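Peer 1: Residues per chain are reported as follows:
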Amino acid sequence: MAGAALPGRLSWQLGRVVDTIEETRRAKSLVLDLPNWQGHRAGQHVDIRLTADDGYQAQRGYSIASAPEDDGVMLTVDRLERGEVSPYLTDVIEQGDELELRGPIGGYFVWDASQSGPLLLISGGSGIVPLRAMLRHWAAARPAVEVRLLHSARSLDDVIYRDELMRLAAFEEVDVRIALTRAWPDGWRGHRGRVDRDFLDGAAWPPRDQPHIYVCGPTAFVEAATAALVETGQQPNTIKTERFGPTGN
Amino acid sequence: MTYVLDGNAIAGDLFAAFGHEMTTVVGRCRNCGTASPVAELCVYARAPGTVARCSTCHAVVMVLVTIGGEYHIHLPAYEFIEEVQSSCEL
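Taken in order, these protein sequences are the chains called A and B. 1 is the number of the first residue of the first sequence in the numbering used here; add one for each residue after it. 250 is the number of the first residue of the second sequence in the numbering used here; add one for each residue after it.
Some clues are possibly wrong.
[Stated by the list, open to error] Covered by chain B, per the in silico footprint, the following chain A stretches (three or more residues, Cβ under 8 Å):
# : stretch
1 : 94-106
2 : 238-244
[To be verified] For the chain A half of the interface with chain B, some residues (derived, Cβ under 7 Å), not all of them:
# : residue
3 : Asp-47
4 : Leu-50
5 : Thr-51
6 : Phe-109
Hints are computed from structural coordinates only; laboratory data are not their basis. All values derive from a computational prediction rather than experimental measurement. Virtual Cβ for every residue (Gly too), placed ideally from N, Cα, C.
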């Protein structure tokens, strides 16, 4: 409670990009060295602020992809066509460049390894970013809880962190299930189509197991997944959601 | 097209304005009486300024405008009533 209630300042700080990773055709990870970073919780985000030469500023929120235990803070940015900030972060910025940001931000969409009960993570597209922080936090702390990730992407090539997810799935307690909505490789045995009631019926724990459920993705994805969860009997107060989409004018 | 987000999207501005984490704070909509944390409000971030609406009755409960680096927050129909127990400490 103290962490959430203490008055404090949220100051803009400079971070240096120490590494960049091409995750998919559209998504890029930036690993930042932040000398004034105070630590974060899995699921939190930062605000990034870009300033043009004429003083014009644009600000956007990006989820933190790294676990609290990781070295450096990693963000993963999905390039939005006609976006004002994301194309700069995915296409222009290079190792050694500086970025202005503030954070960590958010106390609602967070998971801590001390929480009991199984963990059900549901993401669409780059909604997987804060859930990766939770998965890595789980792997670092290894609490006695089972974890299930249900992730939806257009195609296998669009699955961010694909190799890492396969490695995490090797843990006995971790189950990773992928739904592909547009294209499937030959012999694909995973779910075809959107995250719907059929997919959830076979994948979610029954409500009596009191799972902690986190849903993150574009607004339409979150609305559909949450409605399907409630249809299958999950209690709305066990579901935490985070929606993303274009912001700014 | 109007994009609806949620209160998580304005967490940074609200923290900067109020001096502490606000998405876990519960407020009550004065129009319909629903109590919900700020994180669950419907947020329209592409209006002139940012508008947050009650997720139940859609009444405008909060308007946030930034002018010259200062935050101006109007709460036409939202009363903060409690702070949700945070799930862990940092």
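Peer 1: Give a verdict on every hint.
Peer 2: Structure-based check of all given hints:
1. Check on the stretch 94-106 of chain A: 4 of its residues sit with their Cβ under 8 Å from a Cβ of chain B, so the three-residue criterion for coverage holds.
2. For the stretch 238-244 of chain A, the stated coverage by chain B holds: 5 residues have a C-beta nearer than 8 Å to a C-beta of that chain, and at least 3 were required.
3. Interface restraint check for Asp-47 (chain A): the shortest CB-CB distance to chain B comes to about 4 Å, inside 7 Å, so the restraint holds.
4. Nearest Cβ of chain B to the Cβ of Leu-50 (chain A): about 15 Å, over the 7 Å cut. The hint is violated.
5. Taking 7 Å as the C-beta contact cut-off toward chain B, the hint placing Thr-51 (chain A) at the interface is violated, the least distance being around 12 Å.
6. Interface restraint check: Phe-109 (chain A) against chain B, minimum CB-CB distance 6 Å, threshold 7 Å, status holds.
Hint violations for this structure: numbers 4 and 5, all remaining hints satisfied.
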